[in-house]
Amino acid sequence: MKEQLTSLWQRLFGDSVRAFGVVSLIFLGSLAIAPAKNFFSEWRHYQRGYLKMVRNRSDANTLQRHFHGGIQQIWLPELGVVDRCTSCHVGLKESSLTDVPVQPYRTHPVIPHKLDQFGCTMCHRGQGAATTVSEAHSSTLAWEQPILPAKYIESSCGECHRAPLPGTPQLNQGRSLLSREGCVHCHTVKLSDGSVMKATDDPPSLSHIADKTTREWIFAWLKDPQAYATTSTMPNFKLSDDDARDISAFLIANSTPVPGDTATLSAKASPDPAAGTSLYGESFCASCHAVQNAAGNMVGGDVGPELTRVGSKVKPEWLQAWLRNPRAYDPGTAMPHYRFNDSQVATLSGFLSTKTDSDLLANVHLADATPEQVAHGKRLVADYGCASCHEIAGIKKPENFAPELSRIGSKPVTQLVFLPGMQHTLPDYIATKIKQPRSFGQGLKMPQYTFTPAQIDSLTTSLLSLNERSNTLPPSLEVAATPESDYQPAGKAGKLMTDLACFSCHRINGHGGDMAPDLTWEGSSVQRAWLVDFLKNPGTLRPALIRRMPRFNLTDGEVNELTDYIMTVYQSPAVDRDSMPLSGYSQGQVELGRQLFYGKYACQGCHIVDSKTDKGYIGPTLTQVGSRLTAAWIYQWMKNPQALRPGTTEPNRAMGDEDAQALTAFLISQKGGAKKEVAKK
Amino acid sequence: MTHVQSTIHVGTGAFARPAEQSSAAVPRSMRYGFLLAAAILLSTSCSHQHTTSSEPKPTAFGAAIVESSGGKQVGQTGGLLPQPVVVQVNDAQGTAVAGALVEFSAAPDVVFDPANALTDSSGQVTTNVPLGGMAGRYQLVASTSDKSHKKVELKIEEIALGYQQTLGRRLNDQYCERCHNPESTVERVSNYDNLEVKPHPFTDGDTLNKISDADLTAIISHGGPALNKSALMPAWGNTLSKSDIQALISYIRAISDPPSRNAGPVYAKN
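Chains H and P supply the protein sequences, listed in that same order. Going by my numbering, the letters in the first sequence line up with residues 3 to 683, in that order. Going by my numbering, the letters in the second sequence line up with residues 2 to 271, in that order.
Keep in mind that the hints were calculated from the coordinates and are not lab data. Wrong hints could be hidden among the right ones.
[As the list claims (entries may be wrong)] Straight-line Cα separation of at most 30 Å, DSSO-like style, residue types lysine-lysine; simulated pairs: (1) Lys270(P) <-> Lys95(H); (2) Lys200(H) <-> Lys435(H); (3) Lys602(H) <-> Lys230(P); (4) Lys437(H) <-> Lys73(P); (5) Lys230(P) <-> Lys617(H).
[To be verified] A few chain H residues that don't get close to chain P, going by computed Cβ distances all over 12 Å: (6) Pro275; (7) Gln457; (8) Asp659.
[Unchecked claim] Some chain H residues well away from chain P (every beta-carbon gap over 10 Å; in silico): (9) Asp17; (10) Ile73; (11) Gln119; (12) Ala395; (13) Asp459; (14) Glu593; (15) Gly601.
Quick caveat: nothing in here was measured; it's all calculated off a predicted structure. Beta carbons: idealized from backbone N, C-alpha and C, even for Gly.
Construct the entire structure; sequences and hints are all you get.
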């Protein structure tokens with residue numbers, strides 16, 4: 003062995019010439035390492051693979067002509083983008099490569115942006131400048147920006163786009179959940195324009211809670227809010243029995259009666275279930291409130307709280323006072339002031355009081371509270387930050403109660419504490435934190451929510467969009483949201499509209515709900531007599547609608563007040579109400595309109611004019627449209643419906659004047675009842 | 002060749018690379034050459050770890066596996082399917098079997114939660130499924146073993162929509178679905194039955210696959226009469242933009258059953 007080594011040494015370095023030769027060879031060899039590394043680099047491999055794949059395709063010539071070898075780079079200095087991804091992802095811009103199953107050669111799916119103008123890492127994250135797969139896609143010691151998993155990709159849209167986009171349902175849902183589920187009560191989210199994200203839920207004030215419910219119910223509710231109402235958004239704080247006992251003791255002791263008092267009621271609750279069911283139906287309570295039916299399905303809207311077990315919660319006298327005038331207890335409530343009479347209040351409260359669940363409070367037995375318990379309860383209320391969401395007399399809303407989330411999407415992984423077995427990525431951390439906040443340690447305050455897996459993904463998406471870039475984006479690149487309108491109608495009519503909570507369902511000038519039609523141009527649209535009639539006795543205009551306008555027992559004075567205001571103020575500049583007559587169209591025009599309606603434009607597909615033959619379920623029923631709408635509105639609507647009501651389903655048929663005139667004549671002749679025959683000729 | 006494979010474990014553990022491309026790792030192996038021995042050791046120990054992932058022990062065995070719900074859903078790329086996938090294990094007589102092990106598998110970027118579980122008392126297993134990052138059809142496989150340890154498989158297909166198709170779906174919901182979808186829900190009553198000439202549901206691949214993109218564009222823009230069809234289909238060309246119509250067509254192509262020619266590949270287990 004030793005001899006062999008010696009002879010090898012002798013053969014290689016035996017004399018100076020040999021030694022020089024061998025050392026030169028080694029030197030040359032080492033010089034070749036760098037070019038070899040370059041030659042065998044990953045991106046060259048992928049480019050060779052691409053050319054090989056392309057060779058056998060029918061469009062090989064085009065693809066080869068488009069191909070440029072070498073490192074490719076998209077450089078966008080104003081965005082800070084240096085992306086070399088296209089060195090390996092060669093086929094992104096080739097529209098014919100959609101049949102290639104996997105990257106790196108497949109066409110990029112259609113998006114509204116151009117790759118050359120946006121690069122790749124703007125949306126996908128990762129390291130744009132890297133030229134190996136692992137460095138570009140994974141986080142490494144030097145770079146901490148892994149590729150964003152596909153399920154959160156919409157978060158990148160949200161960095162620049164502040165308003166909801168039609169193509170990003172997940173981001174939109176996440177953002178709305180942040181506001182609607184009350185996340186932003188505790189967590190501050192500052193947006194780049196300096197505004198703060200506002201909560202859109204309206205947690206009830208607890209200052210007068212003893213009027214409304216019992217200590218036993220509060221206890222049961224605190225222990226498990228979803229046991230009372232499965233749709234409740236109140237999270238579970240996992241309180242011990244003692245803590246729930248003390249908090250309930252404090253809330254009751256702290257409560258003061260509502261001024262104006264609830265006790266002086268003449269009517270007794272009437273336990274007539276049939277009358278109650280029908281009044282509940284007639285008043286369209288289900289447009290806003292849900293009740294779980296026998297099959298376990300929720301029936302009704304989600305504007306107001308679920309009422310499945312409301313009889314186990316509220317005190318009968320409070321319920322009666324609430325039904326009489328909800329604004330006396332909560333001036334900001336979304337519930338309309340229905341103007342029920344005494345017997346209606348009695349019937350409805352009797353009906354709602356029967357919606358009980360005997361299991362809910364069966365095991366709740368609370369002894370009278372001691373002052374120590376009340377004091378402890380007050381400390382707990384402060385500790386858990388109850389006043390972040392609820393108004394509680396004597397307790398200030400805490401500032402910065404929970405960590406600010408304005409830049410959570412850029413939080414370095416090194417600053418996070420992961421659970422064993424978790425993937426060490428930011429999206430996973432956020433998702434797990436939302437899913438099981440208390441799993442990260444004992445004594446954490448964030449409560450347990452009841453989000454579905456899809457909601458957690460949405461929330462994570464919206465949180466990832468709050469990052470360094472979204473906060474530092476040049477204003478020129480930002481696509482701002484339309485600022486929230488705080489429109490309020492003025493005067494007596496304005497007060498009346500607030501009292502009737504019109505804005506809980508209707509939108510006017512950008513403010514209000516989206517359950518019912520936008521009323522911004524209502525004054526141009528409808529005839530005065532119809533509106534008076536409708537407010538007194540609202541019917542439905544659409545055959546297949548389940549959410550409807552309730553009837554308020556308005557006085558004639560109130561109806562006139564509202565009608566005058568709507569007819570005067572809610573006028574569209576595009577429609578001159580008096581420019582076209584409501585009668586006097588020639589029979590020929592009406593007949594032409596009829597032919598256009600049933601023939602060329604086939605309006606009967608969506609609308610009903612003759613209830614015997616037409617069946618269209620989509621648009622409003624038009625049997626009495628001549629008594630409802632103004633001729634000028636119909637005419638303008640024919641010419642361009644979206645101009646009057648953006649986003650309306652009716653297609654714009656780009657009608658000529660003659661067709662629009664004729665259809666207006668035909669529709670105006672539809673007065674309903676006997677007059678319809680005249681129109682028929 | 003062993004040399005090459007071992008470096009993949011060291012270098013790119015996190016990123017799944019197609020096997021045929023592994024020769025690209027040759028130059029990297031020079032860098033990692035001194036790690037060769039360690040890498041081989043690692044690779045062997047890794048493969049051991051993989052096989053011992055926690056898998057519940059079945060207490061019973063079925064003879065067949067059937068879909069209870071959750072097939073043929075339409076989701077978004079990377080997103081959760083709207084409903085979980087539920088499968089049921091039955092014995093030879095068709096009675097549900099509790100305690101049988103069901104395993105789910107699919108293309109590598111489809112993650113099941115859970116990926117395997119024992120059937121509950123009604124013989125069912127429920128799993129939440131986020132689809133992969135590519136738009137297209139995904140084949141999910143649910144399998145269980147029978148008494149003789151033979152695999153019984155059930156194949157379920159789901160659809161993932163990309164950006165453009167998601168946009169198309171939104172337009173469909175707003176403008177098209179009330180007539181083109183014969184099924185009613187409480188919130189959305191279908192107008193299908195009211196129409197004298199029945200529209201084609203967008204899943205009706207037998208009909209729609211035969212209509213070219215150009216013809217579909219013409220019908221949507223100019224209405225039914227453009228192709229001698231019913232005037233009940235109005236012209237949408239002044240309401241929807243060109244890209245809106247493209248988005249709608251890409252959505253229609255994506256959900257068609259049987260699949261259209263342009264539906265793209267089916268992503269399945271390798």
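Original post:
Which of the listed hints are not met by the structure?
Top reply: Of the numbered hints, 7, 13, 15 do not hold.
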